[in-house]
Structures are given as structure tokens and as C-alpha cells.
Amino acid sequence: MATSTVEPDYRQGERCRLAKVMRHFVLILILGLGAWALWPREDAKAGSSEATREGSASRKYTIRMAPGLYMPGRRPMNLGQPLQGLYKVRDEFEKVFPDTHIEFTEVPVSSREYLVTQLAAEQAPDILNVNVEDVWQDIQKGWYVPLDDYLTQPNPFIPQGKPGSKEWWDQFKYQSITRGLGAPDGKMYCVTLDMIETGIFYNKDIFKRLGLQLPKDWTEFMEIHRKLKSAGVTPLLANTSDMADWGMDLIFDQLYNEILPGLDLAKDPKREVYLDGYLDWDELSFLFRQGYFTKRDPRFVSVFRELKTWRQYFQKNMNSDLTKLFVTQKAAMWWTSSYAVNRMVRDPDVKFDWGVFYLPAMTKQHNRFADGHDQVVIGGPATQLEVTNSAYNDTDDPKTSVKLKRTIAFLQFMCTPENTHRVVNEVLALLPNIIGAEPRPELAPFHEFLQRKYTTTKWLYTFDLRFNEIYRRMLDLYLNDGIPEGEFMEWMETNLKTATDTVVRRKQLDLSPLEAKWKELAPIRSKMTDLAGVN
Amino acid sequence: MYAMLTPTFTLLAVFSLVPFLWAFWTSFFDYEVGGESRFVGFANYVEYLTDPTLVSSFVNLGFLTAFGLLTVTTAPLIIAKLIFSLRSERARYLYRVLFLIPIVVPGVAGLMIWQGMIYGDTGFLNELLRLVGREDLTRGWLSDPQTVIWAIVFIGFPFAGGINILIYYAGLAGIAESIHEASELDGARGIRKFIRIDVPLVMSQMKLLVIMTVIGTVQGFEGMFILTKGGPGLKTMVPGLWMYMNAFSFQRMGYACAIGVILFLIILGLTILNMKYFRSSEDLTAENA
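These protein sequence lines map, in sequence, to chains A and B. Each step along the first sequence adds one to the number in our numbering, with nothing skipped, and position 415 is 490. Each step along the second sequence adds one to the number in our numbering, with nothing skipped, and position 234 is 1692.
Everything labelled a hint here was simulated from the structure, so no lab data went into it. Hints are supplied without guarantee of correctness; some may be wrong.
[As the list claims (entries may be wrong)] Partial pick of chain B residues on the chain A-facing surface, computed with a CB cut under 7 Å: (1) D1579; (2) G1645; (3) S1707.
[Unchecked claim] Think about it this way: if two alpha-carbon atoms lie no more than 30 Å apart in a straight line, the pair counts; the simulated DSBU-like pairs of lysine-lysine are: (4) K342/A with K216/A; (5) K528/A with K426/A; (6) K383/A with K1687/B; (7) K1687/B with K399/A.
Every residue gets a Cβ at the ideal spot worked out from N, C-alpha and C, and that includes glycine.
For reference, chain B alone in the conformation it holds in the complex (with noise of 0.2 Å):
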């Protein structure tokens, strides 16, 4: 058995576990690409938290993180709801498909389609802003100060990701019939139900999303990088880019690694807050036990 993993762990080791250590092991040093590298203790880490980016990121990352929990917790879940409720089997099994094709769309197309379909000079926004009558208001939404982070947190409206609706779907689906009776009988219909019920239910695939969403958002920058580059000035600029930039751009490797070990711990404290926390319905029935 241990020899059948064996393969699996190198592989693992090479690719994962060596450059983390790698990275972290250069975060103690001022190393540019090219260049000689030369200790400094803690120094990046220290520099960092002057950073001038630092302060503008972070609100960033927690304004994006905030309301991407908000999406991934809400609509795929009543979607998915709306999905299970539905009586025919062939329309269930329909609407599941539908609902998942759109993952086929590269996310890289799928962002310059917002880009330029929707936030362009004569996209869909604007364009609509023209046909009533106001132009006065139509602009650059990602090029405004005012605008650009709300035009980057509703992309992807209305949040209606495949992968997600199927999660809860499935979390629905293992609801035994038993509690749906009871819980009938108990007079427990609608919404009420849905709350008191099903939300409760799923908890352990909520769980799996917001964990996600968290490493998601908080590693992501490919967005920002695409659309923004994290402009303008810093209103969308986020840790990730900004350790991208110092990585690749300035050439300050030692510093970058810094930066994703603070990105790394801040995931791995986020992790552990939300499985201590965030209880599922296997942990109350565990307690309950």
C-alpha cells in the first residue's frame, strides 16, 4: 500500500511541498532574479507591513471575500432548491445541464466578455444607460474610481456558478425523506422549511463552498489582472497581484515569498476558524450523539 502512494507523495513533494519551503526558506532573503542574494532575517516581512499597498489590498481582499461568501451562500443554493423542488425528473435533469453548460466558457473569455460586452464604451451598460435618456451617467466602469470594484464583484451576475448548484443539489438530494415528512407533519412547509430545514442540512456542503471561496479569493488575482491590473490607482488591488508583480515585474523574489506566506497563513487561520466554527449537519449530529 505504502508503495503504491509512494509515486503519488513524490510527485507531491517535487511540486507542492519543496517550493513551498522553497518560497519560504527566500522570504528570509533579498533575492532579485539575476542578481546576488543576501539575508535579511525578517525584513521583507517587516517592509511589508509598510508596504503602501498593504492597507488598500487588504480592505480590498475582505470587500471581495465578504461578498463573494455572500454570493456562493445565497443564489446557487436557491437555485439549487428551486432545481429540487421542480416534480418532473426530465425537467430537473434539464435545468441541471443548463445550468452547468456555462462552465465550458473559459473564465479568462468568460472575464473579457464582461469586459467588453457589458462594462465597454458602447457594451451593454452604457448603451442601456443611453436608450433612457442618460448618457450623463455612462462612463469607463472599470476605469472610474467610483465604480471599478462594483463592476468587478458583479461579474458573474447572478451568480449562478454549475459547479455550486450541483453541490447543494446533491446536499438536497441526500435529505432523507423520513426528515421531509416529519418535518411536514411537524407543519413546517415553504420557506420555513427551507430555513429551518434544508439550510441546516446542507451545512457540510456550505462549508466545502465557503472554504473554497476563501482560498479562491484570497489566492486569486487573475481577475484583477486581466481586467484592472489592479488599478486604477489601488482600488482593486489585492495581495495576490501585488505579490505577482513584486515577483515577476520588480524582480523582488525574496519579498514576493514574504508576501505568500502571509497569504498562507491568513488561509490556513481562515481554514481552521471555519472548521472549528462552522458547524455541519454531520458535527450536531455527532454532538447530538
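Extracted from the complex, chain A is given alone in its bound form (with noise of 0.2 Å):
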């Protein structure tokens, strides 16, 4: 007779009970360990305050404002306590229009898709904060409030006899960078709270233990870049979209300077008094038409030769964490912006000193093109605030609406020089661009860097989207080995005439008065060398 090992029925009842209990387990253990991914941290709930704020539904007009860095509640950069500043501005201002309620919102708005759906649809935030060159793309939709108007009237939050007291214009500290932001059509289409500006930031104990001192011009500035190669040390981090960006417009102005009186064909009445000789799509349009800016201009070959030259004292990986590997010490050099400095003063991991400077001249020691004058502004305007459609939504007439004049005003209200220092100095960024808030010590160096002249133009900021987008990707390739010189080349002529064509019929330009300038200016540009397909 074989023995059975069947189990008694009470055991394999006691088995079905025990993993029945253990299913529940587990799914009860799922739940909560939803519930607490799910439960909204501290500075989520300090962000959300406003939300529940009492009488905030039962005000008039809701103004909806998307502050980028100076989001309340939030830390920026993980750093500090969370931001209180806008809140206490709001506050105060709720005070003055009891009508009115403003709204922080958090979106993407360097995200252009989101950008494009929202205004298109009418349902952007009131008050927005974007580079205005990317205003300039759509100006001809209406999404947009022109701000001239406001500009020079007085800001009523302003006592008299102060700055700003006469027109709201004059309370703008770095005037020409400001004013220099009126879109080619004439109009003021922002309000400049801040400004950013690039430097180079540099480990003082590596360029000690190095013997290593800072450079008067861009020799030594390269010749400090192989010592620190051959040391073992990276030279510098930097990525590629900063160089398409501040490396293509320095060193294209280090080059053309010298024959900028040839070819700046014209003198905008109101922007060419703060940007002197600053060179708009329609002017390179034209130029380009007559070879400038092609594989047969020298000059624009030689930009492109000299971000290659510098690249390779770069970091191998153009996607690493640049932040990290500065901080950790794994690099001598980090060219970036301002922004940096919160990091650099509040993250207890940066454990030596530190300085910036601003990326030397050029002279014709270095390169023949180059006529050795000071290295121009690339940074200027950061926290640029725009008025949109949804502003006037009560009467859906600009001229009629009270929501839009109280938008209006709660940028007049933001701009007096309390609530600016308020705002802008709550982080270690940003330089206050009203006279009367003071930037930060830590600033002061890209305060200086700041009364330095303004690019000659900016090449990511004047043509279409889909320029940049091939302009960034090609050279990006070009700079890290994956097309040659020559094909490059052959991209970017290729991209300038789709966007150069494509900017004179969006805008409708008129080139001929360009045309006649060009002959005027014949006369200077015959007693130049190296000119495009000329030499």
C-alpha cells in the first residue's frame, strides 16, 4: 500500500487563509506606498499656497503670471529656503486693487509647443516670461501687448522727482541693452526686470597651483588652455548650444568689427541710439545676398575655424553635468552665466575659491580679421516679461479693458526699486536692472561686464526656428568631428537662404533701401580687405 503525502485538509486550509492575508498585505502596502509618493512635499504645499487663499475667488480680475525663476515657494536650484519675494509683492498689491487677484503658475515656458497651443487658444498666463526674440517670431498674430504706450507714461507707484516718476522708461538701469530690445517693428513688446551676463568662471586654487595668471587677450587666454591640457586638467566646460549661441556672436564680433562702417546699412531711428551698428535680419539678409556670411566670406569661415580651435580644451562629453564637474573640481574653467553664482556661494560641495572674468580680446596676433577690441556684451536682458492676449479677456478690446491696466500695473507696481530687490536679489543670479535696487557683492563683476557695447547681432535670436534648429545641430556635429569644414559650410549657406528668404516674405521686407546705403557705403568698404568674394 503506498503512503500518501497528501496534505490534511487543515493545513492546506491554514495555507489558503495565510496567503490570502498576504495578498491583502501586499496590495495595502501598494496603496500606501502610492499615497506617500503622492502626498505633496513641503515646498509643493508652500507653492500651492495662493490656492487656497481666502477671498482670492471672489475678486473681480485674476491675473496669471508665469515668473521663471522667481517662482514662489520653489528653491531654486535646490538651494536656500523657498522664495517668498512675489508673495510679498502680491500682497501688497492685492492691498492697493482689492479687485484683483494674482495668480503664480508654474509652466515650460521655454517649451515653445507649449507656448504656441496656449496663445494661439487665448489661454496663456496674463503676464509671461520669455526671451523676447522668440515675441518677435509671432508679433504679426496679435498675441502680444505693445508696451510703449506704458512705457513713457508715468509709473504711478512712483514717488515724484524719482526715476520713473516722468516715464516708466527711465527707471531702467542698463538703458540701451533695455531699449535695444524693441522688435523690428518698432515696437516694446517687454519689461527687463533683470540682466544675466557670461563669464568665465575659474578655480583660483588650480591656476595657483599652476602658476597660472588671468589672460590680457585671446593668446594667452589659448596659451592658458594648453598648459592646462598638458597639466592633466580639463581647460574648460562649456556645451554646444552656448557656443552656437555667445561663441558664434563674440567671436563673429571680434572679426566683422573692422569692417562693421561697410556694411551696417541701417540706422533704426529709435534702437541704433543704444545699439550702435547692431545688424537686424533685414541687413543680414541683404549682406547675405551679396555673399556675406558664406563659405566665399573669409571672415565667417574664420568664426567657425575658431570655435573648432577651441573646442578640443572643452570636456570630451558636450552632454556631461558641467555644474557637477566644476564643483567637483574636475575642470579649471566653466564659461557660463551669473546664474551660476547661487550655486557657487550656497553649495557647501564647492570647496575652493573662485573667480570670473570676461573672455579677452582678439588682436591680430591671434588672428588677422580681428582688430583687438574689447569683447561685447552676449548676455544683457534675462527676466523679460511680456503682457499676452489673455490680458484684455474681460472686454477683449485692449483700450477697454480694466484687467489688462491692472496687468499693466502690477509690472509698474513690480518694477519700483523695493519690490524689485524684493524679487531679484531673493536669488543670487540676477542683476536688478531698476535704479535704486542694488545687485548683490556677489554680482558685482557681471556688473562690470555689463557696461560693456552690445553684440553686433545675435544669430540664434533673428532668423526662424527652423534655422536654429539645423544652425545648432550642424555645428554641434562640426565641432565634435562629424562633418568636415567644408560641408558645414555647405549647410549653413544652405540654411541662411531658406531663412533669409523666408524672413523677407514673412515680414514683408523692403530691401531696396538697403540697396541704395550699400552703394553709399561703396567708398569705405573699397578701402577694406577681406570682404567676402571680393579678396
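Using the hints, put the two standalone chains together into the complex.
Below you can see the structure in the form of C-alpha cells.
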């Protein structure tokens, strides 16, 4: 007779019950973990405090603002305490205007996709913070409110006799850069609350150890790179997008400055006062048709050769976390902006002495097209606040809209020195652009950099986004040995042809006045050498 | 019966057919979001033929599709066969579950894991190279023009997609026991039996996976969007990503719709080719009958 190994019934029942309990336990555990993961964090609670504020729902006008970096309740770069500056400004504003509620919203304003869909549907926040050059792409669509009429009126929150009591315009500290943001249609679409500037952050300890001095010109600058590299230190941290933006513009300015008097074809009566010699899209389009900015233009080719030469001293991977590399002393220099000061000052992991200097000038000794003039400002306006078409959706008419008046009033209220100080200086990153609101001492070097002349042009902010996309991609490829110089220049030329044709068509540009000016400047150009397609 | 189908068909029409027809119509316009639209006929299609991304993106797409087909027709089938060959039913069940578990990881999270943990500066690959003393070979795998496309296609290695394994497993389980016995009597064993008997009889599953892979690769761009944005340069650009950028970044809706219509035609063509020339076991049975 075979022996049975079948378990007794009572034991099977016990195992079933145990399995049932285990199943319930696992499910409850999963639910508990899910609830814990979804529970709002402390700073998120702080950020949403306005939603529960008393009486906010009963107010007649609600103005939505996307403040970007200054989003209250948030901790920029996860350092320091949650921001409170804008809450304080809002609370005081709402006391003055009890019918108005200010709501702060965090939106992906850097995302073009978001903006386009929201603006087209008139659903965008009433006040946005985006680079105004992006706004210029869409000014013909009526998505943004021109602010000129308000800027030429007094700021009602400024006492008599103070800057701004006659014209709001007078409040802005960096006048030329601020006024220079006028759109090519002659109108101003933004209020510039603060400034940003680039600089080379350097590790003083490494410089001292290797006996390096700050460079006086580009030749010395390159020599420092060579010494650092031969000492086994990564000389510089920079990313491709900054090379396409700042790098291109600065070196372009260095190599074209000498011939600029023969190329500056348009003197915008408003903007040229502030932006001496700035080349707008119509001038660039016209000059391209004359053979400039092509492979037949030796200066243009030289701009990219300079970038390529420089690239060999950067970190190997262009997608690396540059902040981490610099903080952990993996590199001696870092080309970034004043935005990084917040991290450098507040991060406990920064255990070395550091400083900042501006890029030095290129001399003829280094490049025959350079004339040795100081490098220009490439940063400039940071928080650029625009008013969108949503701001007058109470009447659908900007002339009669009370909500629009309140929106403008809030911007004016923010521009008082006290309020700008509260908001801008709470983060150690940007420099207040309002007279009377002084920058933090740690940002003093950037204030000095901003006294320089403004850049000759901004390639990434002149044409359409398709141009930018292809230009950035191809420069990235060229700098990383993905394509040879000849192929890259072909790409640039084709891309510029499409971009210039598009801008002329879309903006209905009349290039004939430039043609006349071009002829007028011919005697000046005849004395110049190395012009496009001539020498 | 028709009344019961009406709600489904209505929803399908509203959310799938109407947008498709609208996109087809829009492809004949120069239409910018928020701007005025202008009828341009076939200009968007003609422009796409001279688009600077056209050649690169289709070459990339071809490579990705070919690699995708290679992996979907091999790795999951081999794994399914290995699992199916296990004697213990409990072990077979366990392995099926184990291979299925990774599908609970969201696709985006999976991509981020590969981006950071495998291809990152201090990711697995670079650290491994450092460990064996080949620091000189470390690189940004997703930013180096020489390695990026290979880095992309190897995401998902060893390509043991749980659902794909299950589909093949179901096919293998559907093969009649008499066929196995007959083939063994005829001397077919091991790899030979797998190639001569199993593979032809799971052809209908393979056909399904081939169609799904082709459609997914031609339509898909989210991997590229998250990992490389199609770069560096155009090294990982695909038509779907360029269509998305034109629609939502450059606001060229008409042009993006034209790219969409072209992609639709390509998928349709490839599906018809697949249906016509890729014969499944059912087709073979029908032919022999």
C-alpha cells in the first residue's frame, strides 16, 4: 500500500488563509506606497498656498503670471529657502487693488510647443517670461501687447522726482540694453526686470598651483588652455548650445568689427541710438545676398575655425553635467552665466576659491581679421516680462480692458526699487535692472561686464526656429568631428538662404533702401580688405 | 447590431478618421498656428523632397527598422522556444512572469535609465572601460556622432520584450503535438526542428510582430526626442521627429501634415507588402488545401 503525501485538509485551509492575508497585505502596502509617493512635499505645499487664500475667488480680476526663476514657494537649484519675494509683492498689490487677484503659475515657458498652443487658444498666462526675440517671431499674430504707450507714461507707484515719475522708461538701469530689445517693427513687447551676463568662472586654486595668470588677450587665453591640458586638467567646460549662441556672436563681433562701417546699412532711429551698429534681420538678409556669411566670406569661415580650435580644450562629452564637473574640480574654467553664482556661493560642496573674468579680446597676433577691441556684452536682459492677449480677455479690447490696466499696474508695481530688490535679490543669480535696486556684492563682476558695448548681432535670435535648429545641430556635429568644414559651410549657406528668404517673405521686408545704402558705403568698403567674394 | 456599433464608429470617426482627413486637407496649405492659411497645392510635398533632413532621416529610419526587425524576429523567438522547451510547467510559468515583469517600467523611465546608468558620463559603459584601463575609449555615447546611432539601437538589449515572447510562446503552444511527434519520427530534432518546424508554424505571429515593429518604428520618435533630440546633427533624426518639430516648434502645420501623409503612405505600402509576401502557416495551409 502506497503512503499518501497529501496534506491534511486543515493544513491546506491554513495555507489558503495565509495566502489570502498575504495578498491583502501586499495590496495595502502598494496602496500605501502610492499614497506616500503622491503626498505633496513641503515646498510644493508652499507653492500652492495661494490656491487656498481667503477671498481670492471672489475678486473680479485674476491675473496669471509665469514668473520663471522667481516662482514663489520654489527653491532655485534646490538651494536655500523657498522663495517668498513675489508673495510679498502680490499681497501688497492686492491691498491697493482689492478687485484683483494675482496667481502665479509654473509653466514650461521654455517650451515652444506649450506657448504656441496656449497663445493660439488665448489661454496663456497674462504675464509671461520668455526671451523677447521669441516673441518677435509672432508679433504679426497679435498674441502680445505692445508696451510703448505705458513705458512713456509715469509709473504711478514712483514718488515725484524719482526716476520713473515722468516716464516708466527712466527706471531702467541698463538703458541701452533694455531699449535695444525693441522689436524690428519698432515696438517694445517686454519689461526687463533684471540682467544676466556670461563669464569665465575659474578655479583659483588650480590657477595658483599651475602658476597661471588671468589672460589679457585671446592668445594668452589659449596659452592657458594649453598649459592646463598638458597638466592633465580639463581646461574649460562649455556646451554646444552656448557655443552656437554666445560663442558665435562674440567671435563674429571680434572678426567683423573692423569692416562694420561698410556693412551697417540701416540706422533704426529708435534702436540704433542704443544699439550702435547692430545688424538686424533685414541687414543680414541683404548682406547674405551680397555673398557675406557664406563659404566665400573668409571672416565667416574664420569664426567657425576659431570655435573648432577652442573646442579641443573642452570636456570630452558635450552633454556632461558641467556644474558637477566644476564643483568637483574636474576642470579649471567654466563658461557660464551669473546664474551659476547662486550655486557657487550656496553649495557646501564648493571647497575651493573661485573667481570670474570676461572673455579677452582677439588681437591681430591671433587672427588677422581681429582688431583687438574689447569683447562685447552677450547676455543682457534676463527676466523679460511680456503681456499676452489673455490679459484683455475681460472685454476683448485692449483699449477698454480693466484687467489689462491691472496687469500693467502689477508690472509697474514690481518695478519699484523695493519690490525689484525683494524679488530679484532673493536669488543670487541676476542683477536688478531698476535704478535704486542694487545688485548683490557677489554679482559685482557681472555689473562691470554689462558696461561694455552690446553685441553686433544675435544669430540665434534673428531668424526662424527652423534656422536655429539646423544651425545648432550642424555646429554641434562640426565641433565634434561629425562633419568636415566644407560640408558644414555648405549646410550653413543652404540654411541661411532658406532663413533669409523666409524672413523677407514673412515680414514683407523691403530691401531697396538697403541697396541704396550699400551703394553709398561702397567707397568705405573699397578701402577694406578680406571682404566676402572680393579679395 | 448596427446600432450597437454606432457609438464605437462615431468615436473612431471623431478621434481618428476626421483628424486624419483634416491633416490630409491641411497638407495642401501653408498654415501657421495663429496665422493665416494659404492654399499651396502640392508645394509642401515638393518642399519635403528637398528638405535638408530628408536623406539623413530616412537612412536612420531604414537602419532602425532593419535593426528592429532583426531583433524582433530573433531574440524573443529564441527565448520563447527555450521557455517552451522546459519540462516543468511551474518553471515555464515562472519564466514567463519574469520576462513580463519589466514591462511595468514606463517606457520613458526605461529610456532615462539607459541614458543615465548605461550611457552617462559615469554610467556602466564608461566605468567598465575605466576599470579595464581604457579611459581613452570613454565618451558621451549619446553625443558622439560615431556612436550615437548604435547606442540608440542597443537600448533594450538583450531585446527580450515580454509581450513579444508571449506572442511567440502562444504560437509555439498552438503547434499540434502530432506535428512534433511526426517530425521527431522523421528525425528532426534540436535546431533543425526549430528552423524547419517551429519557425514556419509561428510565421503568423512573426508577421504580426513585423507589422507592429514597422509601424512603431516609422511612427515613433519619442526615444529620439528624449535621448538626443535627433542629434548630434541629424545623426538620429527620423521623419516623425521632424514632423513633430515642424508642427509644434516651427508652427508649420501644413508642412508637418504633408510629412505625416507621406509616413502614412509608407506604412500602408510596407503593410501591404508584408501581407502579400510574408506567408503565414494559415496561408500555407490554405494554399495546400
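Task: Those earlier numbered hints the structure runs against, lowest number first - done: 2, 5
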